[in-house]
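Enquirer: Here is what each chain is made of, one letter per residue.
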Amino acid sequence: MSRNFMGIYTIWLRDVRRFWRDKPRIIGATIQPALFLFLLGTGLGRGIVGAFGNDIQGDYLTFIYPGIIGMSILFTSIFSAISIVWDREIGFLKEVMVAPIARWAVAVGKAFGGSTVAVFQGCLMLFFAPFVNVHINLTMIAALIPLMLLIAFSITSLGIVTAARMHSMQGFQVIMNFLVLPMFFLSGAMFPITNLPKWMDIFIAINPLTYGVDALRGVILGMNNYPLIMDVGLIAGFGIVMIGIAMVIFGKRE
Amino acid sequence: MNIIEVVNLSKNFKTKKGFISAVKDVSFNVKRGELFGFLGPNGAGKTTTINILCTLLTPTSGRALLNSFDVVSNPNEVRQSIGLVFQEPSLDEKLTAMENLEFHAMLYNVPKAVRNERIKYMLEMVGLYDRKDDLVNTFSGGMKRRLEIARGLLHYPKILFLDEPTLGLDPQTRSHIWEYIHQLRKKEDITIFLTTHYMGEAENCDRVAIIDYGEIIAIDSPFDLKKEIGGDVITVVAEDRDKAKKTIEMEYNVAVINNDEGLHFEVENGETFLPRFIKKADFKILSISLRRPTLEDVFIRLTGRHIREESAEANSVLKIHARRLRR
Numbered sequence: 000m001s002r003n004f005m006g007i008y009t010i011w012l013r014d015v016r017r018f019w020r021d022k023p024r025i026i027g028a029t030i031q032p033a034l035f036l037f038l039l040g041t042g043l044g045r046g047i048v049g050a051f052g053n054d055i056q057g058d059y060l061t062f063i064y065p066g067i068i069g070m071s072i073l074f075t076s077i078f079s080a081i082s083i084v085w086d087r088e089i090g091f092l093k094e095v096m097v098a099p100i101a102r103w104a105v106a107v108g109k110a111f112g113g114s115t116v117a118v119f120q121g122c123l124m125l126f127f128a129p130f131v132n133v134h135i136n137l138t139m140i141a142a143l144i145p146l147m148l149l150i151a152f153s154i155t156s157l158g159i160v161t162a163a164r165m166h167s168m169q170g171f172q173v174i175m176n177f178l179v180l181p182m183f184f185l186s187g188a189m190f191p192i193t194n195l196p197k198w199m200d201i202f203i204a205i206n207p208l209t210y211g212v213d214a215l216r217g218v219i220l221g222m223n224n225y226p227l228i229m230d231v232g233l234i235a236g237f238g239i240v241m242i243g244i245a246m247v248i249f250g251k252r253e
Numbered sequence: 130m131n132i133i134e135v136v137n138l139s140k141n142f143k144t145k146k147g148f149i150s151a152v153k154d155v156s157f158n159v160k161r162g163e164l165f166g167f168l169g170p171n172g173a174g175k176t177t178t179i180n181i182l183c184t185l186l187t188p189t190s191g192r193a194l195l196n197s198f199d200v201v202s203n204p205n206e207v208r209q210s211i212g213l214v215f216q217e218p219s220l221d222e223k224l225t226a227m228e229n230l231e232f233h234a235m236l237y238n239v240p241k242a243v244r245n246e247r248i249k250y251m252l253e254m255v256g257l258y259d260r261k262d263d264l265v266n267t268f269s270g271g272m273k274r275r276l277e278i279a280r281g282l283l284h285y286p287k288i289l290f291l292d293e294p295t296l297g298l299d300p301q302t303r304s305h306i307w308e309y310i311h312q313l314r315k316k317e318d319i320t321i322f323l324t325t326h327y328m329g330e331a332e333n334c335d336r337v338a339i340i341d342y343g344e345i346i347a348i349d350s351p352f353d354l355k356k357e358i359g360g361d362v363i364t365v366v367a368e369d370r371d372k373a374k375k376t377i378e379m380e381y382n383v384a385v386i387n388n389d390e391g392l393h394f395e396v397e398n399g400e401t402f403l404p405r406f407i408k409k410a411d412f413k414i415l416s417i418s419l420r421r422p423t424l425e426d427v428f429i430r431l432t433g434r435h436i437r438e439e440s441a442e443a444n445s446v447l448k449i450h451a452r453r454l455r456r
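Chains as they are written, first to last, in the working numbering: chain Z, 0 to 253; chain X, 130 to 456.
Careful, some of the hints might be misleading.
Reference listing, derived: stretches of chain X covered by chain Z, where coverage requires no fewer than 3 residues with Cβ under 8 Å from a Cβ of chain Z [unchecked claim]: (1) 244-255; (2) 371-379.
Pairwise CB distance ranges (calculated) [unchecked claim]: (3) N266(X) with I26(Z): 14 to 22 Å; (4) A128(Z) with D262(X): 57 to 65 Å; (5) K251(Z) with S269(X): 34 to 42 Å.
The calculated DSS-like cross-link candidates involving lysine-lysine, where the alpha carbons are at most 30 Å apart (straight line), are [said to hold, decoys possible]: (6) K143(X) with K251(Z); (7) K315(X) with K251(Z); (8) K409(X) with K251(Z); (9) K261(X) with K93(Z); (10) K316(X) with K93(Z); (11) K316(X) with K251(Z); (12) K251(Z) with K153(X); (13) K93(Z) with K315(X); (14) K22(Z) with K261(X); (15) K251(Z) with K261(X); (16) K160(X) with K93(Z); (17) K146(X) with K93(Z); (18) K153(X) with K93(Z); (19) K93(Z) with K143(X); (20) K241(X) with K93(Z); (21) K223(X) with K93(Z); (22) K413(X) with K93(Z); (23) K249(X) with K93(Z); (24) K22(Z) with K143(X).
Derived from the structure by calculation, the hints contain no laboratory data. Beta carbons are placed, not taken as given, at the ideal position from N, Cα and C, and that holds for glycine.
Here chain X stands alone, though its shape is the one from the complex (with noise of 0.2 Å):
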């Protein structure tokens, strides 16, 4: 069953310059209990995406359906099936954590039966339970997308939003994350929705749509897609390099890239290849690694490009600069 049903969805805006298409003609499935990813680059139309999905953005053409309500004329229904945690922080900073939670509880109709008992577990869950009573503004960063979280899921949506939820964190709080939504699949029946510009945190998803320039340019499961590039990434480094080249390109007929870590070729069924590989080999090899491909490859693959993480961009920026030192 499908839980989300997009179909030729479209949205442009309006700039001073003319039309800017954000999502151009997107279609794509998503079934329930399925952990579904939106991976690629800052402005790829992801936000965009999501915010039509949770009614925030009405397209300009096409359809999209949530547990069955369409997001133009049901509006309400397909809120009151969602749960969403944004990419910036949406948190009442000057009410406390519990107060937060039941603003978002009375907003959601949650019976007020049940709200108190229901908000301590989300607490609980999330670890902030003895913060209750402590005002937002107090809390890091990590402890606020964890509040959100719990805010997300207290009026049990069908389908949770998580739009770049580690952005701006460091690993450790991120793989807390991490830890959360993993737990909130094993114990709650929920479909979750994720935008990511981070190539790790898209291989957890059971399916990864790839967007760039608002079209998405492949839907698979992360396995897949990686499969589709050939097979696994070896590199070898030899005592003869160019001897070596030589005879890898004779015997096995693949290219070869040389560069400053080694010679790199891909093959496929890696683990089978590589006892053969050394004992065939009549140069003497001084190391030899085998990587499976990423979903960075993939990207690369299909677009040419990178998507940059935080840390290659700042990298690329300094790199930039030391090569203009020089000159």
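One chain only, chain Z, in its complex shape (with noise of 0.2 Å):
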């Protein structure tokens, strides 16, 4: 068992080095959600406010800063769990595989990795809050880190349960298109997800990073549309699942 558990430390180890070491990511990885927060936020924010109503309480750019966080949470949980594949490419998943741990400690110190890298890029967000016009106390920071810590648990395990079967980096696109985008377009990040058609509820609903967006908002702007409890237990939920189905997978032998 002790096995395992270093096993686990040295997959975690290894994707928190590969992180450090890539320094252009890590800007790459900042500079794309503070495009959409600066540019994207700006440029709608001076009409759409109006548009929403009182959904909105106070600035657009104060409105989607969680939910940027979310986003950048988002993307460097999926990206990180994608590396499996990159790994099977290169060959360095073999190694991995032949070694004397359980294979369902390989899932596991791959969430952990890439849940450190994510919710490390989510604190790097934490820095634009003086932008927005909003206030981060260390209370706050406190609830924040391992909230975003269970958000990115959740969508790493997620990821890599995508990741598990898959040969090539080409399939890489679909997952964006089918799977990154649409929760993050439907997870309340831009919009709020109130009075929207009922199709989209659906898909709302059922949208793990809604309650994490909703979470976020919750902690930093004390805005929610669930109750932070309920938040809270269908990210964990749901992360307990997608861990579980990705141990599984990974414990297979063909």
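Given two chains presented individually in distinct reference frames, assemble the corresponding complex, making use of the accompanying hints.
Expert: Right, here's the structure in full:
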């Protein structure tokens, strides 16, 4: 058992090391949400607040800020998970798969690695707070970090399940278009999820990121659509199911 | 003592067209300390067998024991007992040589106290110690392969698997890798299981299993395998070819093949045959040579086909091309 913990730690350490070494990736993953926040946010914000009426209290930039943190976590988590496919292509995954640790430990190590990296990216987003008129204090940070970790872990696990049977990076565009972008658009990150067409409500309700963004917005701005406990419960539940599936898929031998 | 025991091992793969049997009812043993080789053309089932032995695939039927652990029921114990160098590179190129080895040591439970010392020893053995802090993506193909060998040995495995260890490397690097393998056998108590489609490399093995279409068609030492096919190959170039051919056939009762290079025939104990032959010959000999049979001859005898080495393959493609152009 201690051997499997060591395995999880080793796989986690590698992902964190690789991430830290890849500074262009960190910069890129910081700039992308910043573009959404400051360019798209400022542009749309001029006219949009009136249109949403009372669904947005205050500035549009302030409203989307927690959503952008959610976006940053979503993208980083999925990218980290997809690195499994890359590992498979370069052959490194074999080295891990023949190591004397349980296969499920590989999935768990990857999930922790991806979530650590995603939380780091999420924390970088906190530096933008002063520019969008949000005041972040230490109590908030103390609540945000475990919350971000929970969201990141769930989404990384989802990414691992998606990547587990993928054999080339060509499937990446498919995942981007059919999973990542819809999850982002339908999470309430960029607009309030009240008064939407019925068909959209369904997708929003089954989107785990909806509850993640809601919880982030609750903690940062005090605006909630659902009770915080429900948000946390649903994300955690989703995460447990996903990591469970990932562990089973990895445990199987052909 | 047998360190590997394989009994009636089979592996089928499902495909769109039905089942493909990659490995068919294969049985063999490998003794402790042996350098054992799997020789066969590409697609013969060598890598599939290795993948079963190293627990990456489960067998469809049959049993395999490594270091007396079953590959199906005790995969972790098997994995701890073996080191692997895969056909394709399996290093993390974004990490340094040192970090790749650290990663391996941690996964294989090498105690922290001895970890660094052992990594140093292995890196020195493969001549990469001064490059330990360089990223692997700055390494040449041969250096990567050496690093993988160092990594495969880091947890003191009982068996080292080398799946086509010199594939795609230039001849000089190839012979370097073999120097390491020979050194290794002298220094460590280790069994080496090798797959190759290079005849020359198979000659280095204590025993060779020749595998074709998923079946082992012969298994013995290279010496005994070659002995089975008759004797030595004699090539004679004579002034009067036809006369020489007739005489040899009559005198020695052997089949003589006449081609561009001369007259070929097989005799036992070529060394003692040659002096007698030359003395007795009543035709003028321009040149004469004696060649030991190679494993290639063995393979041709058993299957009627060549194991094509890459260069041979490229040559034959060129020839076909040339022939087409001529028409």
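Enquirer: Determine for every hint whether it applies to the structure shown.
Expert: Here is what the structure says about each hint:
1. 244-255: violated (count 0)
2. 371-379: It is violated, with 0 qualifying residues against the three required.
3. N266(X) with I26(Z): 14 to 22 Å: Holds - the Cβ-Cβ distance for N266(X) and I26(Z), about 20 Å, lies within 14 to 22 Å.
4. A128(Z) with D262(X): 57 to 65 Å: Distance hint for A128(Z), D262(X) is violated at roughly 39 Å.
5. K251(Z) with S269(X): 34 to 42 Å: holds (37 Å)
6. K143(X) with K251(Z): holds (16 Å)
7. K315(X) with K251(Z): violated (39 Å)
8. K409(X) with K251(Z): Violated, at roughly 71 Å.
9. K261(X) with K93(Z): holds (22 Å)
10. K316(X) with K93(Z): Cα-Cα ~28 Å, so holds.
11. K316(X) with K251(Z): Roughly 38 Å between the alpha carbons, so the hint for K316(X) and K251(Z) is violated.
12. K251(Z) with K153(X): holds (23 Å)
13. K93(Z) with K315(X): Measuring from Cα to Cα gives roughly 29 Å; hence the hint holds.
14. K22(Z) with K261(X): Measuring from Cα to Cα gives roughly 22 Å; hence the hint holds.
15. K251(Z) with K261(X): violated (35 Å)
16. K160(X) with K93(Z): The given pair, whose Cα atoms are some 26 Å apart, holds under the 30 Å limit.
17. K146(X) with K93(Z): holds (28 Å)
18. K153(X) with K93(Z): Holds, at roughly 24 Å.
19. K93(Z) with K143(X): holds (21 Å)
20. K241(X) with K93(Z): holds (24 Å)
21. K223(X) with K93(Z): holds (16 Å)
22. K413(X) with K93(Z): violated (62 Å)
23. K249(X) with K93(Z): holds (24 Å)
24. K22(Z) with K143(X): The given pair, whose Cα atoms are some 44 Å apart, is violated under the 30 Å limit.
Of the numbered hints listed earlier, those contradicted by the structure are 1, 2, 4, 7, 8, 11, 15, 22, 24.
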